[in-house]
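Asker: Start from the sequences and build out the full structure, keeping to the hints where you can.
Chains as they are written, first to last, in this note's numbering: chain B, 15 to 151; chain G, 15 to 151; chain C, 15 to 151; chain D, 15 to 151.
Don't read these hints as lab results, they were simulated from the structure. Fair warning: there could be bad hints in the mix.
[Unchecked claim] Keeping only pairs whose Cα atoms sit at most 27 Å apart, straight-line, the calculated DSS-like set for lysine-lysine is: (1) B:LYS129 - C:LYS61; (2) D:LYS132 - G:LYS61; (3) G:LYS114 - C:LYS132.
Number of protein chains: 4
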Amino acid sequence: MTYCRTIHFSDTDAAGVVYFAALLSICHEAYENALQVAGIDLKTFFKSSNIAIPIIHADIDFYQPLFCGDHIQINLTPIQSNETEFEINYQIFYENNLDKLIAKAITKHVSINPKIRKRSPLPSSIIRWLQSSRENK
Amino acid sequence: MTYCRTIHFSDTDAAGVVYFAALLSICHEAYENALQVAGIDLKTFFKSSNIAIPIIHADIDFYQPLFCGDHIQINLTPIQSNETEFEINYQIFYENNLDKLIAKAITKHVSINPKIRKRSPLPSSIIRWLQSSRENK
Amino acid sequence: MTYCRTIHFSDTDAAGVVYFAALLSICHEAYENALQVAGIDLKTFFKSSNIAIPIIHADIDFYQPLFCGDHIQINLTPIQSNETEFEINYQIFYENNLDKLIAKAITKHVSINPKIRKRSPLPSSIIRWLQSSRENK
Amino acid sequence: MTYCRTIHFSDTDAAGVVYFAALLSICHEAYENALQVAGIDLKTFFKSSNIAIPIIHADIDFYQPLFCGDHIQINLTPIQSNETEFEINYQIFYENNLDKLIAKAITKHVSINPKIRKRSPLPSSIIRWLQSSRENK
Chain B
15 MTYCRTIHFS
25 DTDAAGVVYF
35 AALLSICHEA
45 YENALQVAGI
55 DLKTFFKSSN
65 IAIPIIHADI
75 DFYQPLFCGD
85 HIQINLTPIQ
95 SNETEFEINY
105 QIFYENNLDK
115 LIAKAITKHV
125 SINPKIRKRS
135 PLPSSIIRWL
145 QSSRENK
Chain G
15 MTYCRTIHFS
25 DTDAAGVVYF
35 AALLSICHEA
45 YENALQVAGI
55 DLKTFFKSSN
65 IAIPIIHADI
75 DFYQPLFCGD
85 HIQINLTPIQ
95 SNETEFEINY
105 QIFYENNLDK
115 LIAKAITKHV
125 SINPKIRKRS
135 PLPSSIIRWL
145 QSSRENK
Chain C
15 MTYCRTIHFS
25 DTDAAGVVYF
35 AALLSICHEA
45 YENALQVAGI
55 DLKTFFKSSN
65 IAIPIIHADI
75 DFYQPLFCGD
85 HIQINLTPIQ
95 SNETEFEINY
105 QIFYENNLDK
115 LIAKAITKHV
125 SINPKIRKRS
135 PLPSSIIRWL
145 QSSRENK
Chain D
15 MTYCRTIHFS
25 DTDAAGVVYF
35 AALLSICHEA
45 YENALQVAGI
55 DLKTFFKSSN
65 IAIPIIHADI
75 DFYQPLFCGD
85 HIQINLTPIQ
95 SNETEFEINY
105 QIFYENNLDK
115 LIAKAITKHV
125 SINPKIRKRS
135 PLPSSIIRWL
145 QSSRENK
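Answerer: Pasting the structure below:
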C-alpha cells in the first residue's frame, strides 16, 4: 500500500524543514488512506463508542530533511501482532526516488473497549484489512 | 483553480469535527497547490530572504461540520488588490456536491522586504500567477 | 481576562515566524483558559452530546510577526450577541509591551443541539461566564 | 527539569483524546522551555545558519489517554551521548499524581553544519546546559 503527499507549509517549522512530529501525522494519513481504500468508514471508525484502537507506541527515524513542496511516497506495511494488536511499518521516500530512504516509522495499535479501557479482540473489518494487506504484499 | 483533499484524523478535535483553524490551513494548502501548478518553487518562495509575502488578514465562515474521511473540494480565486497586495477567496464544498457551501474563507497577502519589514512590489512570478488566474476564470 | 503564552517551535513555519492559523489556535487556548477559570469542565464541555457550541466565524489581523520563544499576552473580551450566540474579541500583545498590538482576532460561537444541528439557548454555565466577564471589565 | 501544561482542545482528535503526535510536540515544548530557562535564545537557536540540531529519532509509549483540560507535568532528562549528539528522556504525569506514568518519550538530537549537512560538535551553550542538567539531577 502506498500513499503520496506533498509537504505543506504548515508541516514546516522555523528551521525551514518538516517539524519532526508532523511526519508522524503524515504517516497516520497513510494509515487512514489504507483503511478508506479497504472500505472502512473513517468517521464511524474513529468515533466508535464500542471499540477504540488507540496508538500505544510510535517511533520514527529521520535520515533526510524534507522541505515545503517536496513530493513524498509512503510505503505502509501493517502486521497483526496478536488478536488485540497490530503494528504498521512506514517507509518514507521522495516520490521519484525509491532508492533513498528519507525516514522510517512504526505505530502500534491496540483494540480496546473504550468504556472500561480493557483490551478487546480486533474488529473483523480490521482483521480482513490486515489479511488482505499480507496477501497483496 | 480547484484543490481536492480528504479530511484527516489530525484535522479533527474532541467535538468530532474539523477544528476551526485546521480548515484555514487546508485553504492555505490550496494556495500552495495553485502556486506549484503555476511553476513556483515553494521551498524558495516561502524562505526567500529578499521578499516575504506574509498573511495580514484571514477570515472564515462555517456552514456545515466536516468529519474525518470527508472528501472536500476548494475553489480558489486570487485577486490582485494593488501593487503590493492580493487576496484569495476560497469556497469549500463536498467533492460530489457543489450546490452546498460548507465554508468560505479569505486570506490577504502583502509583499514585503523581510529585512526592513516594509512593503515592496509583488514579485513578477506572483503577478503572472494572478493574471493567469484572472484569465482562466 | 488575560492569557500568557510562549511561542512554541511547532507554532512556526519555514518563513521563520508563527504560522497564521496557529495564532487562531492560541486565541482558542485563551478561550479555554477563561472557561476553566470560570469553573467549566473542558472535557465534558467540548464533548457534550446535548449541546455543542461550534465556531461559525473567525477573523484575524496581523500587525507584527511572532518568533519562537516570544512571550505574548492575550486580552480576551467575550460578548453575548443573543440567546444562542456570543463572540470573543482577542487582542494579542508582547507580554512586556501592551502599547503595541501584534494581532487582533474575533471568534463567533453558536449554541446548537448537535443531534439535529438546530440552534438552542446558550447553557446557563456560559451565560454566567459571559455576565461575570462583563462585570469584571 | 519539569514543565507543566494544560491539554488544549487543538491537541485532541475525534476519538476525544490527545492525538498521538501532539504529545511529542508537547514534549518538544518541554525541551524548548528548558533551553529558555538555561538562557538560550530560541529564535536564533532554531534558525542558526551555522549549526542546526535536528531530531534524528523519536519514540513514545502511551499508557493512559489524556483529555482537554487535563493538567500534565513533564519531567525531562537530557543526556549527552557523544560530542555531536544528545538524547532527552521525557516522563509525562498528571500534575497532581506523580505515581502514575501517562506516557514516556525519547528524542535524539544531532548537531550538524546545515550547509553541508555533516555532523559538527555540539555548541558550547548546549554542552553547558547538558552539564548543568546532570549536576541538578
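Asker: Each hint should be assessed against the structure and marked as holding or not.
Answerer: Results for each hint:
no.	hint	in the structure
1	B:LYS129 - C:LYS61	15 Å, holds
2	D:LYS132 - G:LYS61	22 Å, holds
3	G:LYS114 - C:LYS132	17 Å, holds
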